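Quick note on the working numbering: the sequence shown kicks off at 18 and runs consecutively.
No lab work stands behind these hints, which were simulated from the structure alone. Owing to the predicted nature of the structure, the values given are computational and were not obtained by experimental measurement. A hint or two may mislead.
[Stated by the list, open to error] Below, computed lysine-lysine pairings styled on DSSO-like, alpha-carbon distance capped at 30 Å:
no.: 1; residue 1: Lys564; residue 2: Lys578
no.: 2; residue 1: Lys609; residue 2: Lys565
no.: 3; residue 1: Lys550; residue 2: Lys565
no.: 4; residue 1: Lys564; residue 2: Lys550
no.: 5; residue 1: Lys550; residue 2: Lys218
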Amino acid sequence: MLFARSRLQYLTKASDKRVCLSDSPAVVGITLASFRWQELQQYSAALRSDSAAARGRALQDCRTLQHEVMKYGSAWLRALMEAEELRRQVERHVKERGVLEAELARLRAEVRALVAEVQDLRTAPLGSPLAMAEKWVLYAEVPELETSSITYMGKIVIDFDEELKGPLGPLATVNCNRSASATSAFRRGDASRVALNAYCKADPESQGYLEQHGVHTFLEAVFQQHGLTPPLKAHVDAMYHRFGPEEDRLEALACLCLADAMLRSVLRMHTEPASVSRTVQSTQDAANSCRITSGGSEHHGGGAVTGGTMLDPSRIKRVVVGNSVGMSASSVPNGSDELRPPDELPEREAAAVRAALERWRELRLRVEVLRPMLEHEDRLMQDILDRGLGSEDRKTLRKLASVGAQPGICPTRVDLFGIVTLQLQVRAMQKQKLHRLDVKSVQIRKLLIEDHMGCTKQLAMAGCRLCRPADVEGSYFSGVVTDCKARTLIRIHIAESSEAKVGQERHRLQEILMQNHRELLELSTTTTPDDKKELISEMDSVLDELKKAQDAVHVELLATKDMSAVRAYGRSLNDLKALTRRLDCERRSLTKNSALAMLLVTVCRRILPARKIDPSELMNIPATWNQRYLRILDFYFFSDASLYCFGEHFSGPNWFTRLKRNVAILSVSDGDGKSVYNDFAVSGEYKTPGAPLAPDNGPLQSIEAADENGRVFDRRHDAEFKLLTGLCGMVPAERRSTWRARATLWSKTLGNCR
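Construct the entire structure; sequences and hints are all you get.
Structure representation (structure tokens):
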């Protein structure tokens, strides 16, 4: 009995352990349901029973339960060990994630730095003012901040000590305690790069120059980048006129030099002056002593821009005379036709570039064979532009051609129809009392109102009812007319003003076109001669090779982390881009006249009226092909395409570059050689010149046939069918069986038939 009671106590303790195990996450499946209090009561009653069998069963159940408790206890210990291991793994993963996030942040910072570096190293077209400024920043050595005077661009001497005695003295005093950042930037050589970045923001269109107001804004940005108080307009004007601006504007290089001079003047007060061994006159002598011989002519040098001649800043070296700095040019290439790869290219890309340049040299020899033809094209286009357009140039032609090629339709009116369709939306927005946008442009507001007042009658004739000018104005202010539409209206206004200028020369331009339309026809056609086409194709393949080399260098630039290597790759990439642009300009010399001719044709069809002609004047077409066909084209040249349709244009003046319809000529003479029938016809059904359509019940019966594209047409509209039907109408019915004659039928698609 005592043994049974001890077992009962053991089972009670085991039940407490099972309660603990049920709370453990690893043994969630174990619950108190398997060890209920009723079972304990049954065990207790069985032990107190006098039946030996009942006590035996109770003891056996206790042993079984003891084994289960031991098994669950070991599982609980294993679960605790697994939980501890999982906790350690979580801590390790958290640490690794922190390390990876830190590495990711570092890599992103490096990528941003590389992108900024590449943007700093981007270049402009070779020979442009912006390109000279960029090369000056990249290659020119920066003189010490203690330098007392510097000669800029070989002609402008700035003595910083003297400048401090003038208007810049108070500005230097104000920035006395803020010069640390700018001074360190000069020590690192970053001041010129900061100025170039500020210039690029001030000149977003890369024009290469800034107006006087833009120069003031540019200098404010430079000073603010260095944490300095920006100069006032009086400070800027005092130094601005020292650089002798032409047409009240400064080129990019002059702007950078102006910023450098003003910063040095302001920081001069806070630097220790060095000993001056030469005067300003010595600096000027050193600058003027630099001379360059190019093409047999002598140019005075001394800066990035000398005497109007653009020098390569990569060949320019700084010359320090005592404490004054001038510019000296050395080893400038004599010829501009020299082709060589950049010096710092990787070997693999350098080999590819050398092979491409060798191919280009061979193509240059083939271009020389076409030189007489190209010079003739140049003279023709220049004569037309000079005599026909007066002072207008290619830029004006682009303005006129970009607004719309539909002749006789004012694009401003067409755009206003779009505004009319938005009136319901405008009224709905006004009913909802939406907040109107601020006035963005007074010019757009005037354009909208003027166009509204000028088009009310035309729109009323078209059946459209236009709202008040305030509603049109409200359509823009309410956001219905987007900025894109507003910019379109401004471009249309500029194009119309240019059209008015060209319109004053219309008669002279039309006379020039009538005299040279055949040559213009050859230039403006989309079919390029085989020799020129093959040459252009090979040039394109060479340019593709250079662009592949650019991509490879760009990949290397993004992959490297060494700053010296980054700068080397950046210089190589810039030089390679400049070389590609240079070769692309040579390629455009082959196609520029064709592109200009197509542009001129588009503009002429838009601004010149169609010629009024009398079709009855075209008689006795010659028998030879060259004369007969070209005479028809000459007669209908620039005629109204809506009245005389050849299939190329359906409105506006006719301009024959790629005729889609067939032209046929039939000449018939009798036995005595007397002309009986002479006429031409153009295939088509509507508004075709020449012979009229054949009647349905005519003497000839037409059939349907398919063309090369599988489309089925009635041959009654063919040019040959029209001519033969007209010939049958000329011969009386009673004489048709015995009538004899000789006929020649010429067709553009078939040739001669007798």
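Consistency of the hints with the structure:
{"no.": "1", "hint": "Lys564 / Lys578", "in the structure": "23 Å, holds"}
{"no.": "2", "hint": "Lys609 / Lys565", "in the structure": "25 Å, holds"}
{"no.": "3", "hint": "Lys550 / Lys565", "in the structure": "23 Å, holds"}
{"no.": "4", "hint": "Lys564 / Lys550", "in the structure": "21 Å, holds"}
{"no.": "5", "hint": "Lys550 / Lys218", "in the structure": "41 Å, violated"}
Hint 5 from the earlier list is the only one contradicted by this structure; the remaining hints agree with it.
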